[in-house]
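*Asks:* Those protein sequences? They're chains A, B, C and D, same order as listed. The numbers in our numbering rise by one with no breaks, and the one at position 110 of the first sequence is 110. The numbers in our numbering rise by one with no breaks, and the one at position 199 of the second sequence is 199. The numbers in our numbering rise by one with no breaks, and the one at position 104 of the third sequence is 104. The numbers in our numbering rise by one with no breaks, and the one at position 9 of the fourth sequence is 9.
Treat each hint with caution, since some may be false.
Below 25 Å or equal to it, Euclidean Cα-Cα: the simulated DSS-like pairs (lysine-lysine) are [what the hints assert, rightly or not]:
#1 C:Lys61 <-> A:Lys70
#2 B:Lys70 <-> D:Lys70
#3 C:Lys61 <-> A:Lys61
Source of the hints: derived by calculation from the structure; they are not laboratory data. All figures in this text were calculated on a predicted structure; none of them were measured in a lab.
Chain by chain, the residues:
Protein chains: 4
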Amino acid sequence: MIIVLRAGAAPAEIEGVLAHVRALGFRPHLSQGEERTVIGVIGDERGVEPDELTWLPGVEKVVPILAPYKLASRDFQAAPTVITLDNGVQIGGPAVVLMAGPCSVESRTQTFEVAEALQGLGVRVLRGGAFKPRTSPYAFQGLGEPALQILAEVRATLGMAIVTEVMGPDEVELVGRYADVLQVGARNMQNYRLLEAVGRQARPVLLKRSPSATTEEWLLAAEYILAQGNPQVMLCERGIRSYDPQLRNTFDLNVVPLLKLLTHLPVIADPSHGTGRRDLVGPMSRAALAAGADGLIVEVHAHPEAALSDGAQSLRPSDLAALLPSLHHAAAAAGRQMAESPSPTTAAQSNAGQV
Amino acid sequence: MIIVLRAGAAPAEIEGVLAHVRALGFRPHLSQGEERTVIGVIGDERGVEPDELTWLPGVEKVVPILAPYKLASRDFQAAPTVITLDNGVQIGGPAVVLMAGPCSVESRTQTFEVAEALQGLGVRVLRGGAFKPRTSPYAFQGLGEPALQILAEVRATLGMAIVTEVMGPDEVELVGRYADVLQVGARNMQNYRLLEAVGRQARPVLLKRSPSATTEEWLLAAEYILAQGNPQVMLCERGIRSYDPQLRNTFDLNVVPLLKLLTHLPVIADPSHGTGRRDLVGPMSRAALAAGADGLIVEVHAHPEAALSDGAQSLRPSDLAALLPSLHHAAAAAGRQMAESPSPTTAAQSNAGQV
Amino acid sequence: MIIVLRAGAAPAEIEGVLAHVRALGFRPHLSQGEERTVIGVIGDERGVEPDELTWLPGVEKVVPILAPYKLASRDFQAAPTVITLDNGVQIGGPAVVLMAGPCSVESRTQTFEVAEALQGLGVRVLRGGAFKPRTSPYAFQGLGEPALQILAEVRATLGMAIVTEVMGPDEVELVGRYADVLQVGARNMQNYRLLEAVGRQARPVLLKRSPSATTEEWLLAAEYILAQGNPQVMLCERGIRSYDPQLRNTFDLNVVPLLKLLTHLPVIADPSHGTGRRDLVGPMSRAALAAGADGLIVEVHAHPEAALSDGAQSLRPSDLAALLPSLHHAAAAAGRQMAESPSPTTAAQSNAGQV
Amino acid sequence: MIIVLRAGAAPAEIEGVLAHVRALGFRPHLSQGEERTVIGVIGDERGVEPDELTWLPGVEKVVPILAPYKLASRDFQAAPTVITLDNGVQIGGPAVVLMAGPCSVESRTQTFEVAEALQGLGVRVLRGGAFKPRTSPYAFQGLGEPALQILAEVRATLGMAIVTEVMGPDEVELVGRYADVLQVGARNMQNYRLLEAVGRQARPVLLKRSPSATTEEWLLAAEYILAQGNPQVMLCERGIRSYDPQLRNTFDLNVVPLLKLLTHLPVIADPSHGTGRRDLVGPMSRAALAAGADGLIVEVHAHPEAALSDGAQSLRPSDLAALLPSLHHAAAAAGRQMAESPSPTTAAQSNAGQV
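This is chain A alone, in the form it adopts within the complex (with noise of 0.2 Å):
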């Protein structure tokens, strides 16, 4: 931490500060500059917040040094994080991954049909919501714990992996025992709470990042599940607040290779939240990968037109599979593979940029 003194700061608002940062348990060291005194602070700053010295008489700012994450930094673990699913499924690994499936559970043939054909097209993670969170009270909220079974059923079925969100401490228990992938919402991404109690099981969790959370906030967030001990963690990009109404929200690539550099976990890309228009998700899907993302999730209705949420934003399964080989060339340009067929050499000539 460096804390620099207003123009003129007395000598005794100097060793005021001096004393306490000393008090602290920090070695302080000043430096006398031209224009300004500037004390740095030497030790682990993580425990301090800059905003408890700012008040000390003479103090013009403070600056951090450090990230005030630990466990998520790449200074703590250098190797990637590779989560492996029950179902073999590798997140974060070499090949980059394709979560799909409806917004929300609506029925047992509703879920069937669209992750059969999933399957078909060789995804192996099935997103399915159970729990809703909605802006509106009076819209639908989701089918709860008879979704989760439906969930589980195609787990058995069709051995897709399952990825459903969670949205109270509450119901961590009842989810985990249902899903593979525990996600955490954008609108709970500071609820801490509940980042808590998905710290405290062994399910990996998705962390979305709420739409106004700077990166560091974000990567605190996950330093709250992995604090609890749970090392399972991947984020999620779902898209930011900005000022465009033209877009429901603005998908924040720039993030994808910035997390690469200052963390190890996954980082997972959501389009379909991200741009919340369907004409933008294949194109957008394949920028992700090109930038770098460890893999996507994408919302596919069988018939979006009859969806009981977030229909302006689901791709049919046949908009999927004619976007694939696309983005089999977009993961190569990251120096990356899709394991999802259909292979690239067969595919892409014909469809490549069409969707």
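Dock chains B, C and D against the given chain A, drawing on the hints supplied.
*Replies:* Chains B, C and D alone, transformed into the frame defined by chain A:
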């Protein structure tokens, strides 16, 4: 809701949209313009999300006409909601209310010291954190229930009403036993399990705005509480996320008069979190009252230099005393009064604008 | 400037940075922490952009210590700049100033009608656009020089000072012949050729903030003008870009007290553009004065329903008359007075807070 | 345009709005809903700003139906605009185009060194600044006309087309004598005098997006140029302002596929300014092409450590060489090719994803 069709939409597409609107139980109203065909949807659109129609073949965009919240709207209730606390303080009435106190309850001594000083200034509502949501898992998280017991002792001894935060649905019953007002923090504004839980109990709720929430999302969060049967909700602006690194937040006072047009719920302003800097709290407190806020919630600590959290934005009791006269002027600008002493006639001349 | 090295930077890298700092004419100051090595750069860093050092091998980040503007800073000039117009109005002095008038000069009749009404309220500075920057090339672009002649006639007849916009370096001489204050619009805040041109002439300049400018960029734009030799610059806040579609802009009053700490230049607030809605202009005008603004610039039109631009945010003269008493209270909250009648003692009781 | 009336609007108010709509030359279409009355406005609404109607008694809001730009829209011209430069390079055609070069022209030697290296990689369009808009008046402002002469010499010697910025209307003729493409910088996106000037000459224009411009404002800025008679406009995304201090800008790739739906103009992506960090330029270049950009404009400097501006975001020629194979993959993902060598078949295997 208005459905705008694409230029050159085919008759069959138009027919399809009309049929779909009727199937949802609405009455469509066709209007053929020179460049676009538009379909008005007649009926209570609140049960349908506009997105559910944008997937239809031929549709360019869907524009909602009605606000999606109902119980929170001025259309539903024209008269302002006035909330009366056990100690007689009224929020949303003719007088503006000053809530003040430390960010965190750190000890019995610290809390009584500041509470007594505040009481001497006429403050009748004490804020203080027992459970603290902190961005970092390594920061001080609050004393928990012992802090609630200290607050209850202040309540019993000094007759002050207590505002304190509740972080999870499990804690609602506990916090409700000690507090007059349950605060839902900015990070939990869309923690729906928590909103439902505070909606099912009888204490008034102070609902802070998430730093990236639109006014509509904020009012829908209030609607979650109201829809559970608790009508005593007040809205608290505490700064939005913006792009200038100079300030921690951008305190958005525009929502104060805007909310007065949209809703009957009281609006409180928090200039301490809103700006994050002690030297801006005074001017922005005045501005908030002049803009028409029903009250302020301000961080005050007897010794900000020793505060375990948010010292940088905390006033001393003496700062607040010096600020009060100018707040009387600011309330008068909005046609309101303040209950807290000292009276503007005695102290205003010398002190206005000095803090 | 502080240079933070990466964890594990090699001695040769550290040596390279030290050598580079010395080559730039600065004195480096090495400080070895537990996890990071930090180099303080001693000397006037304003000539160097931090980015120019981040490329150096081993560097993690570079943190500036000094604000990059100089002439605009409080460090350079502690006393507030007071600008005196030809008709004796002082901006930045003890009294706050009310500037008002139509968005565009549309005709001699329209301009005189509103100017006379404003003069009757005590307003001594008239705003009015001759050259109008419009988002669409198809919208009304202003009357041009004939409008300037009308404004000059108001000036001669009624003794009001004139504020009007200049859009390009070629127009500076022309507009300067007619106007008391040259306005640089928000879209041109970083139009450096224009800033240089208004900096090379003698008229005071009203520099509007770009809707995405940081305070630092804004002060650097002022610095462009100051550096050319024109010390009479006032800063005008007119709303920033934010994410809520409910309002055209987010009027950012936090910069009012913040700028008072950073700069000696007067700060004006424009609640008309800042909010974009007539029904918010009153409350936010009060808030701006309570926050400490040196003046307001407000759109007033005798017949907003017939205005060729910005009718939606224009007050009528009668609206302004009703607003004035509450503005006196708001100015008093900030320890200031207003020159404009009516006096607060007569009209305040009945009208405060009603507009 | 759709006019939504307030709940309970009086018959006289509705009548007034209908009369006003007719007076503007439009045909109104009344639609009475259960909670709101809505009036459709039939006719070409582009000449009227929605704000001009919101003042009318009884009006709640006005919703535009048509995009306000015309010449730039896909409705106006369905086929993509293809721009052919003097040296035969086509922008907007089947091949994506790579523009590269230093931020500033610093000397003849520096410019030729990097230009020759780029030519060796197949690059046929050189970027380089002669006039540099800089946030600080104390930073290097470019060499001016001597830099243009150096660029012209590169053009004559190496056959590369030249892209360079023009900062004011007075400089358009001068820069047009030397350059193939005139760049309008982000800060000048709404400098209408400049837009008009580049619209009145024949050179193609590269119009950068202002960091807070909506897509609609950006297309309206293009419309200013098109409306003057110059049809050769390309749009360049270079990062928007967002809230995370971690990155200088938020490179917004969503606009790439979005603009492809809205306009026929070519879309170029600038990952150097878009991210501001050299280590993100590679991944985000790949992402931009995969998203469907018609080209990239990338800062390349032979010696970034000695660059007078923007060294932190400049690649070396060797970095670009290493990046090229992966760009071929990324272009293929979007169904495009690149003209620049090396071919993907030879170099892709070893290098993809490594930069």
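*Asks:* Check each numbered hint from earlier against the structure, then list the numbers of those it violates in ascending order.
*Replies:* 2
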